[in-house]
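Undergrad: Whenever a hint applies, use it, and build me the whole structure from the sequences.
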Amino acid sequence: LKPAAHALFKKLKDEELELLVQVVESRGAWESGCVLAPRGDPRGVKQGLPPQVLLCRLFRWPDLHQSHELKHLCYCAGGQGACGDLAVLCCNPHHFSRLAVPESPPPPYLKASCGPPWPDEPQQPSTQLLESSYNGGDRCGKTGPPHSTAPCHTQQAGGCWAGLNPWLCSPLPDTSLSWSTVKDGCWCKLAYWEYRTRVGRLYAVHEASVNVFCELPRGSGFCLAQLPAAYRSRAVRRARGKIGQGLLLSREPGGIWAYNRGEHPIFVSSPTLSPPGACGLTVLKVLPGYSAKVFDYEWAGDRGGWQLPGEGPCDPHSIRISFAKGWGPCYSRQFITSCPCWLEVLLSQPR
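To convert, note that position 182 of the sequence shown is 182 in the UniProt record's numbering; the numbers rise steadily by one, no gaps.
Hints are supplied without guarantee of correctness; some may be wrong.
List time: in silico EDC-like cross-link candidates among lysine to aspartate or glutamate, alpha-carbon distance up to 16 angstroms [as the list claims (entries may be wrong)]:
#, residue 1, residue 2
1, Lys293, Glu69
2, Lys242, Glu207
3, Lys242, Glu263
4, Lys293, Glu252
Pairwise CB distance ranges (calculated) [what the hints assert, rightly or not]:
#, residue 1, residue 2, range
5, Gln334, Ala87, 27 to 35 angstroms
6, Pro228, Cys330, 27 to 35 angstroms
7, Gly254, Ala77, 14 to 22 angstroms
8, Gln334, Phe9, 50 to 58 angstroms
9, Glu298, Ala208, 14 to 22 angstroms
10, Gln226, Gln349, 25 to 33 angstroms
11, Pro275, Tyr231, 35 to 43 angstroms
12, Gly185, Ala7, 40 to 48 angstroms
13, Cys330, Gly185, 17 to 25 angstroms
14, Ala77, Ala229, 32 to 40 angstroms
15, Ala229, Asp63, 39 to 47 angstroms
16, Ser338, Ala7, 50 to 58 angstroms
17, Pro38, Tyr195, 51 to 59 angstroms
It is worth saying that the hints were derived from the structure and are not from the lab. Values in this document were obtained by computation on a predicted structure and should not be read as measured data. Even glycine gets a Cβ: it sits at the ideal position worked out from N, Cα and C.
TA: Pasting the structure below:
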């Protein structure tokens, strides 16, 4: 790939090369600008790789083969001519993710993976072709004071289960997403949980995308590191240490996407991840660097309540994401409330 990369680098402007150096050295720790390259194959590319595939293969995924295995991240303006110039396209390797495609095991469990298992320790990308320096900073999004509840798996009056979803069953007033919330432009609210205890207030999302993280240089969004708790077990502290750069949650045409920008897998469940009529729970494993469509608006249109075995009904317009720890039939943890750190995404719906 080196001759092909050199041929591509010669076609980039100095400012594009400088930006590429910063992106590779920072390993995509913040949302950078587009690295624009001329369309078409650079001279000397025997494999005929497009520029974005070439750089993604060089700096991120050596096993990458075709462009259809990639997805533009929501903040990339240079994909498919979105930057306004059809003669160039973005080849920033950290403006792309791999697509998480479910493998053959049928429900109740699906494992999403397009490549080999992710190593325990992150591997530094090869930067021998680039000389650079990098300066980083820290910035976290602000959240309100802590607030927690401890729901239990008991059936309440009227047949409502209070085991998992605070929106349906908790008496807390701020867990209800009303029509006024939609009118105000809030498309979802995020609730962070440690086992069965909610930590912090609901975090309202107004932008098209939001970062959820513990450590993200130059990042903004829902910073979980700022949420205090009266007591955290060793298991919770260990799991929180694996969140790192966390995930990017984005509202895109047709549904909600989650991009795992951390160094450990995330596990996702939502009503639209399960085939129609499925009676089991579908949990999708999304490896670091991969994206998955975790909620489909069209599929959700004809669905009623979401029934979780052993836990009762849940809101059909919600998503649950566990950091680093899976749950379900293939794990000792049968319920997400057994996971040390997890996120609940409550989608706003007009009434």
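Undergrad: Each hint should be assessed against the structure and marked as holding or not.
TA: Each hint, compared with the structure:
| no. | hint | in the structure |
| --- | --- | --- |
| 1 | Lys293 with Glu69 | 14 angstroms, holds |
| 2 | Lys242 with Glu207 | 26 angstroms, violated |
| 3 | Lys242 with Glu263 | 7 angstroms, holds |
| 4 | Lys293 with Glu252 | 9 angstroms, holds |
| 5 | Gln334 with Ala87: 27 to 35 angstroms | 54 angstroms, violated |
| 6 | Pro228 with Cys330: 27 to 35 angstroms | 34 angstroms, holds |
| 7 | Gly254 with Ala77: 14 to 22 angstroms | 20 angstroms, holds |
| 8 | Gln334 with Phe9: 50 to 58 angstroms | 52 angstroms, holds |
| 9 | Glu298 with Ala208: 14 to 22 angstroms | 19 angstroms, holds |
| 10 | Gln226 with Gln349: 25 to 33 angstroms | 29 angstroms, holds |
| 11 | Pro275 with Tyr231: 35 to 43 angstroms | 40 angstroms, holds |
| 12 | Gly185 with Ala7: 40 to 48 angstroms | 46 angstroms, holds |
| 13 | Cys330 with Gly185: 17 to 25 angstroms | 39 angstroms, violated |
| 14 | Ala77 with Ala229: 32 to 40 angstroms | 39 angstroms, holds |
| 15 | Ala229 with Asp63: 39 to 47 angstroms | 40 angstroms, holds |
| 16 | Ser338 with Ala7: 50 to 58 angstroms | 52 angstroms, holds |
| 17 | Pro38 with Tyr195: 51 to 59 angstroms | 52 angstroms, holds |
Violation of the numbered hints given earlier is confined to hints 2, 5 and 13; the remaining hints are satisfied by the structure.
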